[in-house]
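Q: Whenever a hint applies, use it, and build me the whole structure from the sequences.
Position 64 of the sequence shown, counted from 1, bears residue number 64 in full-length UniProt numbering, the numbering being contiguous throughout.
Among these hints, one or two may not hold up.
[As the list claims (entries may be wrong)] DEER-style ranges, computed between Cβ atoms:
1) GLY72 <-> GLU19: 31 to 39 Å
2) PRO37 <-> ASP67: 32 to 40 Å
3) ASN3 <-> ASN57: 12 to 20 Å
4) ASN3 <-> GLN92: 22 to 30 Å
5) TYR82 <-> LYS53: 17 to 25 Å
6) GLN92 <-> HIS22: 28 to 36 Å
7) HIS4 <-> ILE59: 20 to 28 Å
Keep in mind the hints are simulated off the structure, nothing from the lab. C-beta: ideal position from N, C-alpha, C; glycine also.
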Amino acid sequence: MSNHRTDKFIAIYQKLSKENLHLLSDIYAADIHFSDPLHEVDGLADLHQYFAKLYSNVIECTFDISDAVSVGDNAFVYWTMYYRHPKLSNGQQIAVAGHSKLTFTGDKISLHKDYFDAGALLYRHIPILGSIIKYIDNKAAE
Numbered sequence: 001m002s003n004h005r006t007d008k009f010i011a012i013y014q015k016l017s018k019e020n021l022h023l024l025s026d027i028y029a030a031d032i033h034f035s036d037p038l039h040e041v042d043g044l045a046d047l048h049q050y051f052a053k054l055y056s057n058v059i060e061c062t063f064d065i066s067d068a069v070s071v072g073d074n075a076f077v078y079w080t081m082y083y084r085h086p087k088l089s090n091g092q093q094i095a096v097a098g099h100s101k102l103t104f105t106g107d108k109i110s111l112h113k114d115y116f117d118a119g120a121l122l123y124r125h126i127p128i129l130g131s132i133i134k135y136i137d138n139k140a141a142e
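A: Here is the structure:
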């Protein structure tokens, strides 16, 4: 169950790229607070800069939205991010599942918090560190 505000967010995220970052202003309030396990950003200008840097460092980055639920001024969006980074996993595609909590003020998002496994996103794909993490995972499973 979603609504027009959530549908607009989904539509923009499914086509977001470094060429159309201006679309962020269509869904985010000027005073947006964005956070994920690795970053925290305040304000639309800084969010735009964060996304510009993110997209400049990856070969590709796309989102597959699997579900969305809206309750009042809050929405919960479940997704899988697919990305390729030249320095991670030899540039092969990496998939990371996560979800976002969005809080709307009027028609714009004022709070966006992403939840995902930072290890699955990044650490497991760094050559030496990834091997260490996999070793620890295997030992913990014994």
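Q: A range of 17 to 25 Å was offered for this pair. Does it hold for the Cβ distance of TYR82 and LYS53?
A: holds (19 Å)
Q: When you take the CB atoms of GLN92 and HIS22, is the distance between them in 28 to 36 Å?
A: holds (30 Å)
Q: Are ASN3 and ASN57 spaced within 12 to 20 Å by their CB atoms?
A: With a Cβ separation near 33 Å, ASN3 and ASN57 fall outside 12 to 20 Å, so the hint is violated.
Q: Are PRO37 and ASP67 spaced within 32 to 40 Å by their CB atoms?
A: violated (21 Å)
Q: Verify the CB-CB distance for HIS4 and ILE59 against the hinted window 20 to 28 Å.
A: Given range 20 to 28 Å: violated, Cβ gap about 33 Å.
Q: Could one say that the CB atoms of ASN3 and GLN92 fall in the range 22 to 30 Å?
A: Violated - the Cβ-Cβ distance for ASN3 and GLN92, about 37 Å, lies outside 22 to 30 Å.
Q: Should the hint that GLY72 and GLU19 are 31 to 39 Å apart at their CB atoms be regarded as holding?
A: 34 Å Cβ-Cβ, so the 31 to 39 Å window holds.
In this structure, the earlier hints numbered 2, 3, 4, 7 are contradicted, and the remaining ones agree with it.
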